[in-house]
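Undergrad: Fit chain B to the given chain A structure using the hints.
Order-wise, the sequence lines are chains A and B.
Using this note's numbering, the final residue of the first sequence is 369, and nothing's skipped along the way.
Using this note's numbering, the final residue of the second sequence is 764, and nothing's skipped along the way.
If you are wondering where the hints come from, they were derived from the structure by calculation, not from laboratory data.
Model, not experiment: these values are computed from the prediction.
Everything hinted at is true.
In silico BS3-like pairs for lysine-lysine, Cα to Cα no more than 27 Å straight-line:
{"#": "1", "chain 1": "B", "residue 1": "423", "chain 2": "A", "residue 2": "230"}
{"#": "2", "chain 1": "B", "residue 1": "660", "chain 2": "A", "residue 2": "21"}
{"#": "3", "chain 1": "A", "residue 1": "122", "chain 2": "A", "residue 2": "275"}
{"#": "4", "chain 1": "A", "residue 1": "122", "chain 2": "A", "residue 2": "362"}
{"#": "5", "chain 1": "B", "residue 1": "660", "chain 2": "A", "residue 2": "362"}
{"#": "6", "chain 1": "B", "residue 1": "392", "chain 2": "A", "residue 2": "275"}
{"#": "7", "chain 1": "A", "residue 1": "83", "chain 2": "A", "residue 2": "327"}
Ranges between beta-carbon positions, derived for each pair:
{"#": "8", "chain 1": "B", "residue 1": "435", "chain 2": "A", "residue 2": "94", "range": "46 to 54 Å"}
{"#": "9", "chain 1": "B", "residue 1": "711", "chain 2": "A", "residue 2": "327", "range": "22 to 30 Å"}
{"#": "10", "chain 1": "B", "residue 1": "397", "chain 2": "A", "residue 2": "263", "range": "24 to 32 Å"}
Idealized CB from N, CA, C, for every residue including glycine.
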Amino acid sequence: MRISTAKSERSATPFETWGGKLRATLFPTLLQSVVSLVLMALIAHVAYAFIDWAFIRAVFTGSDGSACRVEGAGACWPFITHKMNLFLYGRYPEAELWRVHLTYGLALAGVVPLFVPGVPRKPAILAYVLLVFPLLAFILLSGGVLGLPLVRTDLWGGLLLTLVIATVGIAASFPLGILLALARRSELPFVRWTSTAYIELVRGVPLVTVLFMASVMLPLFLPPDVTIDKLLRALVGVALFSAAYLAEVVRGGLQAIPRGQYEAADALGLGYWRKMAFVILPQAIRLVIPGIVNSFIALFKDTSLVLIIGLFDLIGIVEQSVQADAKWSSPQTAATGYFFAAAVFWIFCFAMSRASAALETKLQVGARS
Amino acid sequence: MTGEGGKRWLARKTWIDAAYDPKMRALAFQALLALVLVFLFVEVVRNTAANLEKQNIASGFDFLARTAGFDISQTLVPYTSKSTYARAFFVGLSNTLLVAVLGIALATVLGFALGIARGSPNWLASRLALAYVEVVRNVPLLLQLLVWYVAVLRALPMPQGALALPGGAFLDTRGLHLPRLVVENGGGLVAAVIGLSLIGAAWLWRRRRARADEPADPVDVVGRGLVVLLPVLAVLLALKATLATPQLGRFNYEDGLSIEPEFLALLIGLSTYTAAFIAEIVRAGLDGVPKGQREAAAALGLSRRQALRFVILPQALRIIIPPLTNQYLNLTKNSSLAVAIGYPDLVSVFSGTVLNQTGQAVEVILITMAVYLAISLATALLMNWFNVRTAWAER
Chain A
1 MRISTAKSER SATPFETWGG KLRATLFPTL LQSVVSLVLM ALIAHVAYAF IDWAFIRAVF
61 TGSDGSACRV EGAGACWPFI THKMNLFLYG RYPEAELWRV HLTYGLALAG VVPLFVPGVP
121 RKPAILAYVL LVFPLLAFIL LSGGVLGLPL VRTDLWGGLL LTLVIATVGI AASFPLGILL
181 ALARRSELPF VRWTSTAYIE LVRGVPLVTV LFMASVMLPL FLPPDVTIDK LLRALVGVAL
241 FSAAYLAEVV RGGLQAIPRG QYEAADALGL GYWRKMAFVI LPQAIRLVIP GIVNSFIALF
301 KDTSLVLIIG LFDLIGIVEQ SVQADAKWSS PQTAATGYFF AAAVFWIFCF AMSRASAALE
361 TKLQVGARS
Chain B
370 MTGEGGKRWL ARKTWIDAAY DPKMRALAFQ ALLALVLVFL FVEVVRNTAA NLEKQNIASG
430 FDFLARTAGF DISQTLVPYT SKSTYARAFF VGLSNTLLVA VLGIALATVL GFALGIARGS
490 PNWLASRLAL AYVEVVRNVP LLLQLLVWYV AVLRALPMPQ GALALPGGAF LDTRGLHLPR
550 LVVENGGGLV AAVIGLSLIG AAWLWRRRRA RADEPADPVD VVGRGLVVLL PVLAVLLALK
610 ATLATPQLGR FNYEDGLSIE PEFLALLIGL STYTAAFIAE IVRAGLDGVP KGQREAAAAL
670 GLSRRQALRF VILPQALRII IPPLTNQYLN LTKNSSLAVA IGYPDLVSVF SGTVLNQTGQ
730 AVEVILITMA VYLAISLATA LLMNWFNVRT AWAER
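Next comes chain A alone, as it looks inside the complex (with noise of 0.2 Å):
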């Protein structure tokens, strides 16, 4: 058996000097360093193929696809500016997009000072943003009522609907989650079993199955002379589905709440659900904002799921014009179209997975205090 010197070499390595912290991290060995001038090959191989793509050879003007298709040719950007409305908003009509800005910003305007440390009346702001926003969303959107002109739901798409199925998805998800989490639970067997039952049922099929069934055979459930929107059909399979995720989130801070709260609020005379509403919950969800920030990632990149229901997300959208528009074809449309849709998508979710790390570190903090 060889015995290794490396780790003692390396600790003796002077860290004073960047030649010396170079050689200790990359160089350090023979092996490592043929490993590292591999991967720097790599990445500066990667890196040129990627600047000569997206900027050497790429169109940047054109009103068609044409100067994109010449042999040889890059990124084709104008395919993204010119289509840059209906990737963000669909077929919203042009002339009301300032209802899809001024929705934004209420949302920001309620979301923002919820992370902000030191602003004062939190919970008032917080009752903003989960009863008060979702109304003046809803009327701001979709109209036909206040004098403003009604926009059908087929007409929404891009990254606005992406956006609206993420967010009822998990403010509709949010309550029904809890209450799953409470029953799994408790103490009376039937209801315990019956959420137990839901979660794992749900959990245990994909998406997709979950969405064909809320479009296929939520209709049929319903009384024959009810129809419903197709996008409210998405978001009811949406928030079904990620009702359970959200319950077994909620559930883990469920458990790793001390007995003893639980005994305290019994000798204070609590009844169940002052008890949960007012010592547990409050200490559960608290805990488990990291776990439910992740599950708004992941449902944030789900909600391109809808697309096989015949719903235009962002990548719905992207797709259908790379696919049916002929304007614009050409060999390098498809791949524009997709870093445009991923590079979107990317943005948002290392955001917020930034955000629930952020958050983790600052509460282990608060918590350990």
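TA: Quick look at chain B alone, frame taken from chain A:
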């Protein structure tokens, strides 16, 4: 009169008592829940029956025996357009299982490699693995499948300009063409040898476990694999098995084993996506092994690689396996995204084509969901069994 009033008062008191009795309340609450559920169920069944009648859709499972009448591009079980819907179901199921099993294998290898690279002392390797994880995890799988299918595989050259790969394989826009093993006669003999070798390997496994009171080392699996491989090779040589390499015919590559681009895209997409999650699980597992174990291994004079293989990984596996099971299940469920790129998996064939042709949404979707539930349950059981076997006895 006083007696009667007293009785009434007493009766009222017991009624109030009952209302405040936790047992009675629990019973009443559960009965209420049961009633609501039964009511919902009855209502749904009644509405569905009425709707189906209005739309003239048959119900029941008779449709499974009818002729399907459509073709499927990739079939593991014999199938033609004259086969029944039930057979189409099995084609879809086998395709789902195929992509899930291969995807799990690939994702595990790639995920472990990335997870170990994340903890590498080489700064570049760990950063690169991190970059991979952060990019792949934060982009929807559906988009990644479209990228692989539309932007990569369909953008490959036509068969005339196919890319030649080492080992006589070719890659073109119609898929991957691999050499195929041809055994003139004696396929049964090969199967028998494979079976016997597997039994031999299992016996060796058991004997080793019985002798050494320690967990099985995953690396030894390779050694046992040789027990299977060598006899098979010997028999193949004896039978003069030949490799049929793909040849370019008039329009397409022929003779070889052709793998459809839909399958390739789904397999690559699923395994690279899941690998990013597995990498994080592996990293967490490795971090979860106490630092003293590494130091102890170093003190014993084990190299980093030896320490990883004999000391760290076996302990990390205990942390890794439960979340890993979840990822395997996710991969299996995510394989249903096949419907977006036209790979004939269970959802695409059964909940797609069969549902559209028969209109029997309730039956078709219930069957599909039941299959996924069964797969989830079976995988969970299998991984639990594996977990128990690799877990160390608590002291």
